[in-house]
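For the record, the sequence lines run as chains A and B. For the first sequence, my numbering assigns the number 1 to the initial residue and increments by one for each residue that follows. For the second sequence, my numbering assigns the number 1 to the initial residue and increments by one for each residue that follows.
Any given hint might turn out to be false.
[To be verified] One side only, chain B facing chain A, incomplete, derived with CB under 8 Å:
no., residue
1, A122
2, H138
3, N140
4, K249
[As the list claims (entries may be wrong)] Derived DEER-like restraints, expressed as beta-carbon distance ranges:
no., chain 1, residue 1, chain 2, residue 2, range
5, A, K82, B, R80, 22 to 32 Å
6, B, P275, A, R56, 30 to 40 Å
7, B, G395, A, K78, 34 to 44 Å
8, A, R54, B, A39, 42 to 52 Å
9, B, A377, A, K82, 28 to 38 Å
What the hints contain is simulated information worked out from the structure, not anything from laboratory work. We treat Cβ as the ideally placed atom computed from N, Cα and C, and that holds for glycine.
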Amino acid sequence: VTRLVALVLAGAAVFAAAPAVAGVSSPAARKPQKKTVDVADNYYSPKKLTVNLRSRITWRWTDEAADVHDVKLVSGPKGFKKFQTEPGSAGFTYAKTLTKPGTYKFICTFHEEDNMRMTVVVRH
Amino acid sequence: MTRIRNVVGIAVVAAMAVPAGAAAGQYPPPSNPGAVQKAPKGPFHTLTVCKKGCKYRTIQSAVDKAKAGDTVKVKSGTYREGVSIIGSKKRYLKLVGNPKAPSKVIIDSARGKGTPRQNCVAVRDADQVTINGFTARHYNGNGFFVLNANGYKLTHLNATLGGVYGIYAFNSIGGEMSDSQASYNNDAGFYIGQTPPQTKPKRSLVTRVRSFGNVLGFSGTNMRYVTITKSQWFNNGTGIVPNALDSEKYAPPEDNVITDNDIFWNNFNYYAGAPFKLRKSSVGVPFPVGVGVLLFGGRRTEVSANRVYGNYLAGAGALKQILLKQADAADLVGNKVHDNAFGLGGADLNGRDLVYDGSGSDNCFGPNTGVAVTLPANGSTLAPCPFAGANAFEGPAQLEALGWAGDATHEANWIKHPHAPKAGFTPLEHYPK
């Protein structure tokens with residue numbers, strides 16, 4: 001049994017070390033990222049973001065956030081708990097790790113009418 | 001949101017304007033306060049907070065334990081925190097400091113390092129919450145803030161030295177702000193914004209408050225059903241500004257009453273120095289300095305029986321919100337400015353008493369007393385009340401008034417007169433360095 005286990009482990013190691021098949025990313029190529037989104041009057045920048053699974057997004061209220069803004073998740077992948085930041089202005093930051101693949105849509109509660117929205121796509 | 005877009009760019013903005021609904025519809029609307037949350041049955045408890053010897057040493061820890069309808073009693077002291085009251089489980093909560101001496105119970109949100117605290121007390125999605133008897137200071141965002149509430153009471157409060165607004169309610173109905181003071185806020189001392197239209201309106205009341213040293217004394221972006229009365233608005237950049245903006249829902253402001261207030265000396269040129277760090281919005285320039293009351297768009301606002309004096313640019317003005325994308329909400333309609341006393345009987349004159357571009361319809365001015373100087377100078381736009389029909393538009397008057405916002409000195413268009421002495425008050429034009 002010991003020998004069998006050793007063979008299986010060896011096989012797994014070889015598989016893990018093999019280069020990715022063209023067109024299919026390996027898990028190693030999809031490391032979580034750290035991204036920053038600026039929050040200002042009245043926009044998020046960037047407005048759209050594509051990141052890897054478990055990436056951490058930091059929203060940073062810039063010096064141009066003279067007014068109050070928040071970040072509210074209005075739709076997201078099933079199983080990801082919706083959240084809404086405290087209303088903030090220049091100098092505030094808030095970070096969240098996105099742990100489910102899919103599309104996350106955010107609005108500013110105060111300036112949705114001004115099209116202050118953004119989307120984050122989290123890929124597998 | 002109180003800033004208007006850059007007047008210099010009016011033509012460009014107008015040319016690029018698209019219907020407000022063009023980009024909308026992808027997301028659900030913001031939570032409408034709707035029907036009031038069910039009153040809790042109790043039994044109710046009082047949770048006491050103090051610095052030493054109490055079960056709770058922070059306000060937030062007591063709020064977290066409190067159930068709907070409970071009272072959180074906070075004893076004298078300075079509490080360095082920001083308090084959040086969120087959700088229907090906190091409905092009807094009473095947060096009580098010292099109503100007779102709010103200065104004894106201080107919530108100080110200053111923080112030396114790390115991300116700054118945003119709000120001294122923030123209420124969201126919790127109806128009928130009362131906050132009574134506190135001083136808020138050094139908040140990066142707002143002093144006392146209510147969001148998405150059906151009913152609120154903010155009373156015996158003092159909000160000073162803030163990053164944005166002092167005492168603020170957004171997307172809420174049926175509230176009261178009373179017996180309170182707001183000073184030295186980087187935007188408005190008091191602010192009620194984005195009131196949802198209602199078929200059976202629940203009015204909100206702002207009464208017996210004082211607002212001074214702010215960029216704006218009171219801002220009302222897309223505000224409805226609010227009565228502002230028996231209050232003092234002085235030494236702000238601009239006194240009271242109901243305004244229509246695209247940045248929030250439900251433009252324009254409607255059905256508001258501004259009556260029996262003292263509106264004077266709103267000539268605080270905060271650009272020349274202020275006790276707060278002046279933030280520059282990326283989307284525009286502020287309202288002009290030196291105005292008592294300005295209706296920037298709006299319908300059926302009544303400005304009556306106020307005492308308006310010593311404002312160097314204008315005592316009361318009404319201008320079309322020419323930048324509003326929602327064109328059908330840009331016009332002034334059915335506003336009445338009457339029975340106000342301008343210029344303190346000649347002892348403390350406004351630069352101009354009445355300013356009106358003549359846009360819209362059914363707007364009327366007068367009778368008022370003490371009106372000596374107007375824009376336009378011949379008063380051709382100022383139809384006496386009652387008046388029905390299209391008003392007499394004067395393009396040059398509109399251009400002149402809008403041009404005030406583009407004045408780099410913020411004082412070039414002032415017409416200064418000496419102030420009459422007023423016991424207990426000192427005029428503020430430039431903050432002492």
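Look at the Cβ atoms of P275/B and R56/A and judge whether their distance stays inside 30 to 40 Å. With a Cβ separation near 37 Å, P275/B and R56/A satisfy 30 to 40 Å, so the hint holds.
CB of G395/B to CB of K78/A, is that within 34 to 44 Å? Cβ of G395/B to Cβ of K78/A: about 57 Å, so the range 34 to 44 Å is violated.
State, for the Cβ atoms of A377/B and K82/A, whether the hinted interval 28 to 38 Å holds or is violated. At 57 Å between Cβs, range violated.
Quick one: are K82/A and R80/B within 22 to 32 Å, going by C-beta? holds, 30 Å
Evaluation of the interface hint that places N140/B against chain A, nearest CB under 8 Å: Hint holds; N140/B Cβ to chain A Cβ min 6 Å, cut 8 Å.
Close enough to count: is the Cβ of A122/B nearer than 8 Å to one in chain A? holds, 6 Å
Status of the hint placing H138/B at chain A (closest C-beta pair under 8 Å): Constraint on H138/B not satisfied, violated at 12 Å.
Interface hint status, K249/B versus chain A (Cβ within 8 Å): At 5 Å from the nearest chain A Cβ, K249/B passes the 8 Å test, so the hint holds.
Range hint 42 to 52 Å (beta carbons of R54/A and A39/B) holds or violated: For A39/B against R54/A, whose Cβ atoms are near 44 Å apart, the range 42 to 52 Å holds.
Violated hints for the displayed structure, listed by number in ascending order: 2, 7, 9.
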